[in-house]
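Participant: Below are the chains, spelled out letter by letter.
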Amino acid sequence: MTLTTEPPLTTSSAAAPPASGRPRPGLLTGLSHVALVVWALLVVLPLLWTLLASFKDNTEIFGDALQLPAELRWDNWARAWSKANVGTYLLNTVIVVAAGTFGTMLLGSMAAYVLARYRFPGNRLIYYLFVSGMAFPVFLALVPLFFVVDQVGLLNTHTGLVLVYIAYSLPFTIFFLASFFKTLPTSVAEAAMIDGASHVRTFFQVMLPMARPGLVSITIFNVLGQWNQYLLPLVLLSGAKDKWVITQGIADISTIAGYEADWPGLFAALSMSIIPVVVVYAVFQRQIQSGLTSGALK
Amino acid sequence: MFTRLRAFGFVAGFLVVPAVLYLAFVINPYVQAFQIALTDWRGVSRAPGFVGLENFARLWDDQAFWQALRNHGVLLVTLPLVTIALALFFAYLLNLGGGGASGTMRGVRWSGFYRVVFFLPQVLAVAVVGVLFKAVYRPDESGVVNGALIKLGLEPVGWLTEPGLALWSIIAVMVWQAVGFYVVLFSAGMAAIPRDVFEAAALDGAGRVRMFLSITLPLLWDTVQVGWVYLGIAAFDGFALVQVLSVDRGGPDGATTVLPLEIWKTAFSYSKFGYASAMGVALFFMTITFAALTLRVTRRERIEF
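Keeping their order, the protein sequence lines are chains A and B.
Following full-length UniProt numbering, the numbering of the first sequence begins with 1 at its first residue and continues without gaps.
Following full-length UniProt numbering, the numbering of the second sequence begins with 1 at its first residue and continues without gaps.
Next comes chain A alone, as it looks inside the complex (with noise of 0.2 Å):
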């Protein structure tokens, strides 16, 4: 019996504290709910808002915003994807981004892995070569990247672009994957190579497989950032309105928008760009959440 009697009076005891002046837990717990629910309203609502619009005619969008379509008007977003070349935007958005994270992990993971594992003369001083790019703001390179870049004959080409991401993902990628590929065991290495195998099967088949949550992480830090990025396309792909990328051709349809009077299609395009976003964050959240913020406590 008495051992029964013994939680209701610890429950009680706790429970005075608040009672001494302090709020009640529940009321500051319900405030706290408010505060979360608002914040999440702000983020989903004009996304949402986008998504309706995008079945909205002309007139509606230009009446009430907050009224819903009268019904789902299909042919803006047909009308977006081919007319305003939706489909080609993201069409060379996925082309430019797969051949450019697939060319920074590769040379990035190859570079990060000498430089952390072998010594030689002159290691250092490349590996800070490479991890000063981080110091530098894009905007500084700009005028000259242009002309370097039409020198070589890629200006107005997925290639210069494709080539110009790796560059200047580089430095990340090296610095992240050299602390990475410092912290793998040296024995299975050595193990490896004692059996026989040559320095570069060691690296693909038993070092990379080792790296492979620090290549995830970098991998979606790369993915996103290129997919994202618009100063460059605009700089270095203006000439060739078929190349361009998803970023440069909303920004585009937005500023057309205007005088072909296609608010409609506009807002289809916008969410066609969304879209494709949410679904794979919505799949990999754990894994982008903490790819992206682990540069940042590296």
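A few of these clues could be false.
Unchecked claim - So, partial list: chain A residues that the calculated Cβ filter (under 10 Å) puts toward chain B: (1) L91; (2) I95; (3) Y168; (4) Q229.
As the list claims (entries may be wrong) - Under the rule of at most 27 Å between Cα atoms (straight-line distance), these lysine-lysine pairs were calculated in the BS3-like manner: (5) K83(A) with K182(A); (6) K243(A) with K265(B); (7) K83(A) with K243(A); (8) K151(B) with K241(A).
Stated by the list, open to error - Counterexamples of contact, computed for chain A against chain B with all Cβ distances above 12 Å: (9) W81; (10) A141; (11) P185; (12) T186; (13) A191; (14) P209; (15) P213; (16) L215; (17) T219; (18) A240.
To be clear, the hints were calculated from the coordinates, so they are not data collected in a lab.
Predicted model only: the values in this text are computed from it and were never measured.
Heads up, the beta-carbon is just placed ideally off N, CA and C, and yes, glycines get one too.
Fit chain B to the known structure of chain A by using the hints.
Facilitator: Chain B in isolation, oriented as in the chain A frame:
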């Protein structure tokens, strides 16, 4: 000897392609930028003439440059302050806000869901967000904000056309996009603080505000400092959002312009490449100074736990 030679060949083989790319497209342009900044170069048609520091002297008298600097100043103060304050508040609620009666600290219900939603704007492209908010901010009832204001019987506001308001509207979008990232970042930091520290403080009668100020914030200081540097560097950018969202690219009348936008316009609209590079050099030194100062001023004893 042979094995060492083989290792050397391997190292060289792995480094050569990344190094060549990096030297050609990153180091080379950065070095050139400092040289071009000392010339009056206006494009391929004319040979650049050396003008010494004349570009920098002209910057000193350039209204647009000072306007951009003023805007960076506003951004530098408000963007980190507002974003970090909101993110700390939300992260604290999500991780420790659901504290029970006996001093055990835990997150509120659905904290995982909130984290996912809050982080979402971070994965959207800045240019796309800019176009989206251009519609949200429209000056009549067709914009979401003004539509709601009119519904409430209020006058619509020219969010992007009022010179005194436009920059704040743009900062609001930056905060909107950034908060989620820092909520996740700070949450990770808070999760690393041992629970018994909070429980001990609760036994000593510390309230939730006191606990935040005396325990969470000091133990999270390193992470907050990292966030401050990140947001400060972001305050020196702002290109994509201002270029897409503001009226007349940096308007009304230069009220929202930023240095990267001026560099881009000076170079690719007016072909003043020497002058644009001088702006780039100025921007570089400001960014470096900021990062060095912040790391120095906010340095504290690291608390191990």
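Participant: All hints are to be evaluated individually against the structure, with a verdict given for each.
Facilitator: Each hint tested on the structure:
For L91(A), the interface hint is violated, since its Cβ never comes within 10 Å of a Cβ in chain B; the closest pair sits about 16 Å apart. About 17 Å separates the beta-carbon of I95(A) from the nearest beta-carbon of chain B, more than 10 Å, and the hint is not met. A cut of 10 Å between beta carbons decides the hint on Y168(A): the least distance to chain B is about 6 Å, and the hint holds. For Q229(A), the interface hint holds, since its Cβ comes within 10 Å of a Cβ in chain B; the closest pair sits about 8 Å apart.
Taking the CA atoms of K83(A) and K182(A), the gap is about 51 Å. The hint is violated against a cut of 27 Å. Annotation: proposed proximity of K243(A) to K265(B) holds, straight-line Cα distance about 22 Å (limit 27 Å). A hinted pair counts as satisfied when its Cα atoms are at most 27 Å apart, and K83(A) with K243(A) qualifies at roughly 15 Å. Proposed proximity of K151(B) and K241(A) is contradicted: the alpha carbons are some 41 Å apart, above 27 Å.
No beta-carbon of chain B comes within 12 Å of the beta-carbon of W81(A); the shortest separation is about 16 Å. At roughly 4 Å from the closest C-beta of chain B, the C-beta of A141(A) falls inside 12 Å, breaking its exclusion from the interface. Even its closest Cβ contact with chain B, about 19 Å, leaves P185(A) beyond 12 Å, as expected for a residue assigned away from the interface. Listed as outside the interface, T186(A) is consistent with that label: its C-beta sits roughly 14 Å from the nearest C-beta of chain B, beyond the 12 Å cut-off.
The Cβ of A191(A) lies farther than 12 Å from every Cβ of chain B, with a closest approach of about 16 Å, so its non-interface assignment holds. In this structure P209(A) is separated from chain B by more than 12 Å, as the shortest Cβ-Cβ distance comes to about 17 Å. Once the 12 Å rule is applied to beta carbons, P213(A) is consistent with being away from chain B; the minimum gap is 15 Å. Every CB of chain B is more than 12 Å from the CB of L215(A) (nearest about 16 Å), matching its label as outside the interface.
Distance check on T219(A): its Cβ is at least 14 Å (rounded) from any Cβ of chain B, clearing the 12 Å threshold; non-interface status holds. For A240(A), the condition that its CB be more than 12 Å from all CB atoms of chain B holds, with the nearest at approximately 15 Å.
Hint violations for this structure: numbers 1, 2, 5, 8 and 10, all remaining hints satisfied.
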